[in-house]
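Required output: the full structure, derived from the provided sequences and hints.
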Amino acid sequence: MSNPEEMLQDYSADESEPVSLEVSRGQSGLRLDQVLAQLMPEYSRSRLQAWVRDGLVLVDGQAGTVAQRLQGYEQLTVFSQPDAQALAFQPEPMALDILFEDDALIVLNKPPGLVVHPASGNWSGTLLNGLLHHLPALGGIPRAGIVHRLDKDTSGLMVVAKTLPAQTSLVRQLQARSVKREYLAIVEGRVATAGKVSSPVGRHPSQRTRMAVLESGKEALTHYEVVEPLAQHTLIVCRLETGRTHQIRVHMQSIGFALAGDPVYGGRLRPGDAVREAIAKLGRQALHATRLALRHPLGDAPLQWEVAMPEDMQELLRSLRLQPT
1062 MSNPEEMLQD
1072 YSADESEPVS
1082 LEVSRGQSGL
1092 RLDQVLAQLM
1102 PEYSRSRLQA
1112 WVRDGLVLVD
1122 GQAGTVAQRL
1132 QGYEQLTVFS
1142 QPDAQALAFQ
1152 PEPMALDILF
1162 EDDALIVLNK
1172 PPGLVVHPAS
1182 GNWSGTLLNG
1192 LLHHLPALGG
1202 IPRAGIVHRL
1212 DKDTSGLMVV
1222 AKTLPAQTSL
1232 VRQLQARSVK
1242 REYLAIVEGR
1252 VATAGKVSSP
1262 VGRHPSQRTR
1272 MAVLESGKEA
1282 LTHYEVVEPL
1292 AQHTLIVCRL
1302 ETGRTHQIRV
1312 HMQSIGFALA
1322 GDPVYGGRLR
1332 PGDAVREAIA
1342 KLGRQALHAT
1352 RLALRHPLGD
1362 APLQWEVAMP
1372 EDMQELLRSL
1382 RLQPT
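Those letters in the sequence shown? Residues 1062 to 1386, by the working numbering.
Just to be clear, a hint being listed does not mean it is correct.
[Stated by the list, open to error] Taking lysine-lysine pairs in the BS3-like style, the calculated list, with each CA pair at most 27 Å apart, reads:
no., residue 1, residue 2
1, Lys-1279, Lys-1213
2, Lys-1257, Lys-1279
3, Lys-1241, Lys-1257
4, Lys-1342, Lys-1213
5, Lys-1257, Lys-1213
6, Lys-1213, Lys-1241
7, Lys-1279, Lys-1241
Hint data in this document are derived by calculation from the structure and do not stem from the laboratory. Here the structure is a predicted model, which is why all the values come from computation and not from measurement.
Written as structure tokens, this is what we have:
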């Protein structure tokens, strides 16, 4: 992955001024995108084509098309735009719910709906952008100090390293499984007893945005306990020993207890109108990272934080408690 600080430097120039170019006689018969690739080799072909499709390239004053054949001597005007991915590592003002901060660590409570790291479809407005605004020095640390992620619609505790030594320590603790992470989840169905799921998790073979239990997947281990049985649901606490993508969601769905409101791995429960409305109002999977424990990178002192479920999950829980058994 590129260093965020280098990306900030690479894309700091203003690219909003139009560029004027002339097609040569030797370029007669070539497509517009081919000519642009020759005249502006510093940009990728896909980026140039995107500018053409967005109406940002004029041929003799008229919007061009990607496959347009040129005759030679045309005047091109290109309104170059910075690539969205190029701007991914820019600081953006953001209200962060920081619970703890010292010279080595930031511990925060992530709200639901916030993407942690820039990726396709979310190149801005992420937690990483907010962290860079809060502390610009994080631009010199891989992933702005982020060592683990929560799904966009999962709320709760996250730790961020403020220095490279701190990041190294946290990564090693995660690898050694000494970081303790507990999640509160509301699942479909009545969970009778505590248990664990140790099925390997990997990328779904045909639906690439999903994960699945696969023999070829990576080792994954989730422990769960019953906190409160409900009419058609159960409030449970999950403890992770590994941190695979969507691990709790995939593991609980695999044993017949999908998370309430999960738009990807949701089960087949057909609740009554009141419950259905309450889950729809939640608008996300009912999952919250409630407890985080680790050892401080400086001095090795044990640290622990705990945050209650956000109001949207608490409101769902109140609604489920009203349902007859």
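The hints, checked one at a time:
no., hint, in the structure
1, Lys-1279 / Lys-1213, "holds (22 Å)"
2, Lys-1257 / Lys-1279, "holds (16 Å)"
3, Lys-1241 / Lys-1257, "holds (16 Å)"
4, Lys-1342 / Lys-1213, "holds (17 Å)"
5, Lys-1257 / Lys-1213, "holds (25 Å)"
6, Lys-1213 / Lys-1241, "holds (21 Å)"
7, Lys-1279 / Lys-1241, "holds (19 Å)"
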